[in-house]
Structures are given as C-alpha cells and as structure tokens.
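Visitor: Residue numbers (the numbering used here), protein chains in the order written: chain X, 1 to 237; chain P, 1 to 189.
Think of the hints as simulated: they come from the structure by calculation, not from any bench.
Honestly, I wouldn't trust all of these hints.
As the list claims (entries may be wrong) - Pulled a few chain X residues facing chain P out of the computed Cβ check, cut under 10 Å:
1) Pro78
2) Leu152
3) Gly163
4) Pro220
5) Thr228
6) Leu229
7) Glu231
Ideal placement from N, C-alpha and C gives every residue a C-beta, glycine not left out.
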Amino acid sequence: MLKLILATAAIVGSVFALFLLTAPESTQDTRFEASDTVPLDETDKIEENADFDNRPALIIGSKNAPVTLVEYGDFKCPACNQFHHSVGVQLRDEYVESGDVKIEFRNYPFLGPDSGLAARGSYCANDQGVFQAYHDKVYEYVWEKFYSKGNLGAEFEDILTTGTLQEIMKDDISDTATFASCLASKDYNRFIDADLLLGADDGITGTPGFVLAGQTITGPSNYNTFKTLIELELRKL
Amino acid sequence: MKNKIELFLIKSRVSATGIGRVLIKPHYFLGTIIFIFLAANTIIWSLNFELARFIITEPALTVADKLNFFSSSLRDIFTTYESNQALGIALFSVLFGINISVLIYVLKNIGLKKIAKQSGASGAGLIVAILAGGCVACGTSLLAPILVTLGATSSIFLRDVSLWLLWVSSALILLSLFQLGQLARTVQA
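Can you build the whole structure from these sequences, using the hints too?
Guide: Right, here's the structure in full:
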C-alpha cells in the first residue's frame, strides 16, 4: 500500500518537475497586447516614441542599494495596491530602509485613460523629487476611497483625474503650476512607452509584475518569494 | 422527490464514511498531504513556472530553503490572493489530494473496472484548475490568450471566469469523491 502511494506521489511529483524543467521559455512578444490597452500613443508609434536614453528611473529607497527590485504596476490595479499594502510594506521595512534593496517602479498602465495620466504624474512628481510620496499617496487614495470598501469595479472608472492627482499631492508638490502643466502635457508619454517596452522585454504579462535576481514574477506573490531572491542576490555580494 | 433526497443523504453519509476510512490510515493521510501540497503549488506557480524551476534547480539554495519557499506560498495564500480566490485554490487542492488518495485506495482494493466511470472528473478538474489558478486580478493569465481570442478583454471578466473554473473543477472532484467514497466503503476492513 505504501509503495503504491509513494509511487503515485513520485509520478505526480515527477510530472510536476518535468513540466517545470521542460516548460519552454516565454517567447511571446507581449508588447502589442500591452500597448493595445494603453491610450497613450498609437500602438505602431510606441517603439519610435519610446525614450530609453532620457527616461529617469523612478526609485524608492537608496539609489546606491546593491539589489534592485523592478516593479511594473498600474496605479489603479487592485492587486498592485494590495501588494503595496502588504508585501511592499514588509520589503521596505526589512530591506529598503536598510539600504540593501531599491525598488524601481515602471509604469504599466492598462486600466483606462486615467491610468496613463497617473503614470505620467509619476514622472511629473519625480521631476520635483517626490516620486515616492506620489507612489504611496496615489495608491493610498485609491485604497481608502475604493478598494478597501470592496469597490473593485472602480478600476474601470475615471477615478484619477488631473484635479484628483493635484489634490492628492498638494502638500508635497512645491511648484503646483509646473505639476499641473506636466500632467496636461503628453511629453512624458515617451517614458511610459519605454516602460511598456521594457516590460515586454522582461516578459511581463500583467500587473503587478516584478523582476528580481534575473527572475520575472507575474502576479501577486508572498513575502518569502521576494525574500528568497533578495537573500540570494545579497549572498553574491 | 423526498425519497431521492433521502437516498442522496444516505449515499453522502456512506461516501463520507468511506473517505474517512481511507484518511485515518497513516499512509493515505500522508499521501493526501503530499498531493494537496503538489496540487496547490502547481496552481499557485502556474503563472511563474520559470521562477519555480529556478528555485528547484538553484544550487545555492538548500533543500530546506526550497521546501520553505514552496510551503510558505501555501501558508500565505490568504494574504497573497483575494479571499475568494484563495478559498477556491485551497478547496480545490484539498479535494484533489483527498480524491487521489481515495482513488488509490479503491484502485488497490477494488480494481480499475469499477471506478473507471466515477473517477473521470479528477484529471479534467486539475487541468481546469491549473488554467484558473494564477491570479488574474489585473492583466492576463494563462486563460487570457484563449479568452482574448474569444473576444473577452475585461480583466474583471478574466478574474471572475478563473474563479468560476476553480469552483466548477472543485464540484467535479466532489462528484468524483461522492462516487469513490461509496466504493471505498464497500471494501472489507
């Protein structure tokens, strides 16, 4: 009896392991799927519009931290928001504040025009040195106002208007006029296009998506997943 | 109608007794735990097989590290996923684990012929649940290419469909268990 159980467990385990070991690398080019949903530029213009050279990195933590966690997110995405409130907080407490890890946020807006506006706002806030505050406050606003109350359908409503973003950042932005004109201008769409193309190259197929220690993580994952990969990277230093 | 309900309740009790008889055996109980572990991890890592493969093959990680990595994803299931989705994954995995163990028990003691008809739901259930397993709260999933082809692009639609698939596959396994449990009950102790 024990042999039969062990044999079956071995077979199921082997199939699982075999599937893992033989699963083909993701070769699908996702950039068009991603671009189709972003009302920033025409899909066929994204590659020519993307500005990789001048795109500033949106960093949370110390720029000198040896390990980088790249996070692809949409400010309206409920799962991104849940990550921010749970694993994100733990990671900041354990690794970002100690200077071991920095989080590089890349925009992956796909939940309507205001997703694109909020993404643009992240670069506008970064111009004034308050990206981290913007990141946290926009997520906090959406959480408090909608998702914490179970209103997940808000992800398809126009909830992040120019006025809302200005109001959210009123205590942090020193030059409100510049922030407002930056939000209105589409100049920084070139950075968001670059983010999207980087995401496609990284194999990102949804949000939240992450790249850490050379590994792509799709969807929400627990703290230990990140911790394991971070510790691996820190051991190499 | 009343008779049918009574008959169903009697069959359910017989089935539950049969399942219980299997699970109190230490070997089968251990097997069930292993199958639950494998099923849940297969679903949870369905969107990140590359990462799971990396963890399994990474020489810098000890066996304990690797076990901790995969078991922690089960421990944290209710904080990682939305509660409905976490419940769906947990329910499916537990039912799948029990179903495989009872299937082995019945196979060993009764034989393939008698269970062929009743156990068909298990394999199909797993495939459906793997498709539904990865979180599709935002963006895409394994289901996305299929559903997008069919014209569905809403992420809320994807999220709801994946959750429904988990419930449907759990129901299929429950049906399988209902039948297998009755067969298990007929085995002489």
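Visitor: All hints, please: hold or fail.
Guide: Hints versus structure:
no. : hint   : result
1   : Pro78  : holds, 6 Å
2   : Leu152 : holds, 7 Å
3   : Gly163 : violated, 25 Å
4   : Pro220 : holds, 5 Å
5   : Thr228 : holds, 5 Å
6   : Leu229 : holds, 8 Å
7   : Glu231 : holds, 9 Å
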